[in-house]
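Enquirer: Sequence:
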Amino acid sequence: MKLSIIHTDGAANEISLFPTKDKEAPLIIISPAMGVRASYYEVLAKQFADQGFNACTIDYRGTGASSLRASRKVNFGYEDLIRDLKEVVAKLREEFPSNKMVLLGHSLGGQIGGVALSRYPGMLDGLVLIASCMVYWKGWEDAGSGRVKLVVNLFPIIAKLVGYFPGKQVGFGGREARTVMRDWGINGTKGIYQPTGSTFDYEEALKKFSTPVLAMSLEGDSFAPQNAVGRLVSKLGPDSQNKKYRHISAQEAGMEKLTHFNWAKEPGFFVKTVGEWVEDLG
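Those letters in the sequence shown? Residues 1 to 282, per the working numbering, in order.
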């Protein structure tokens with residue numbers, strides 16, 4: 001089932017719904033990684049539905065079902081993604097007016113979810129982070145920190161010169177807007193969230209973050225190592241009782257190998273773990 005949405009600036013997009021039999025069951029909103037289409041998470045969404053949860057997948061602007069594609073003439077940043085997410089949740093509230101709603105964010109999708117919830121507390125009932133971290137270069141160790149420091153400085157420059165970020169050619173992400181990469185680079189170089197053009201103080205708002213959080217880092221994930229995930233979790237407010245963090249091994253996940261992306265194709269462990277956490281929410 002597809003829901004069409006027109007954002008306030010006229011950009012069009014779609015939400016893919018995977019309903020379960022119980023219309024009142026909690027809704028899991030799957031928020032994708034940078035450059036990843038919503039369709040990548042269909043297996044994950046279907047398994048949530050099989051386990052008695054309503055689920056949906058969303059594309060951020062510039063990707064998948066979005067009417068926009070980043071170019072020299074089409075530009076947007078984190079502030080636009082945050083606003084889009086707020087409008088997606090409002091659209092879903094029309095279909096699920098009284099349901100518990102939880103955002104499951106993968107990688108950048110988790111960052112955008114966390115920052116959005118700092119600005120709009122109470123918008124959702126919970127935030128799940130899977131392989132989602134701050135890209136601040138100090139979250140990596142040894143040679144890894146040097147490599148990350150290089151790319152968080154270099155990639156925004158490439159995007160500015162080209163007019164957009166050619167992720168497919170570079171081998172990282174997708175076709176990304178230059179301001180998305182600028183905002184990503186600010187987080188990577190300074191360890192702060194300061195979306196371009198925004199007058200809202202996200203850093204101050206993050207100190208007051210109160211939404212319940214379940215975060216999971218993955219064994220061997222070089223894109224979101226344990227320390228970098230921990231930095232994002234610690235950024236989301238001071239209430240340790242409201243936050244649960246786990247580091248997941250391939251053995252625990254029931255997989256031969258666990259990577260930044262493949263968990264979504266064999267998600268049984270994650271569906272069970274997230275489902276139990278959602279059921280325990282007040």
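The hints are simulated quantities; they were obtained by calculation from the structure and are not laboratory data.
Beta carbons: idealized from backbone N, C-alpha and C, even for Gly.
Heads up, a few of these hints could be off.
Claimed, not checked - Label pairs and their calculated CB-CB ranges:
1) E204 x V43: 34 to 40 Å
2) S249 x S145: 42 to 48 Å
3) E203 x Q251: 19 to 25 Å
As the list claims (entries may be wrong) - Simulated crosslink set (DMTMM-like; lysine to aspartate or glutamate; CA at most 25 Å straight-line):
4) K265 x D239
5) K272 x E252
6) K168 x E87
7) K2 x E203
8) K23 x E79
9) K86 x E141
10) K46 x E79
11) K243 x E256
12) K208 x E141
13) K46 x E203
14) K257 x E141
15) K272 x E203
16) K149 x E252
17) K100 x D239
Enquirer: Assess, step by step, whether the Cα of K100 is no farther than 25 Å from the Cα of D239, and give holds or violated.
Expert: holds, 21 Å
Enquirer: Is K2 close enough to E203, meaning Cα to Cα at most 25 Å?
Expert: violated, 35 Å
Enquirer: What's the verdict on K86 and E141, does the C-alpha distance respect the 25 Å limit or exceed it?
Expert: violated, 35 Å
Enquirer: Please work out if K265 and D239 have their alpha carbons no farther apart than 25 Å.
Expert: violated, 32 Å
Enquirer: Run the distance test for K272 versus E203: straight-line Cα separation, threshold 25 Å.
Expert: Violated, because 33 Å separates the two Cα atoms, which is more than 25 Å.
Enquirer: Between K272 and E252, is the straight-line Cα distance small enough, at 25 Å or below?
Expert: holds, 12 Å
Enquirer: Given the hinted pair K257 and E141, is their Cα-Cα distance within 25 Å?
Expert: The given pair, whose Cα atoms are some 22 Å apart, holds under the 25 Å limit.
Enquirer: Is the Cα-Cα distance between K46 and E203 25 Å or less?
Expert: Distance of about 36 Å is beyond 25 Å: violated.
Enquirer: Does E79 lie within 25 Å of K46 when you go C-alpha to C-alpha?
Expert: Violated, because 30 Å separates the two Cα atoms, which is more than 25 Å.
Enquirer: Within 34 to 40 Å: is that where the Cβ-Cβ distance between E204 and V43 falls?
Expert: Given range 34 to 40 Å: holds, Cβ gap about 39 Å.
Enquirer: Within a Cα-Cα threshold of 25 Å, do K243 and E256 meet the stated pairing?
Expert: At roughly 28 Å apart (the allowed maximum being 25 Å), E256 and K243 break the hint.
Enquirer: Would you check the hint for K149 and E252, treating anything up to 25 Å between C-alpha atoms as holding?
Expert: violated, 32 Å
Figure legend: structure checked against the earlier numbered hints; hints not met, in rising order: 2, 3, 4, 6, 7, 8, 9, 10, 11, 12, 13, 15 and 16.
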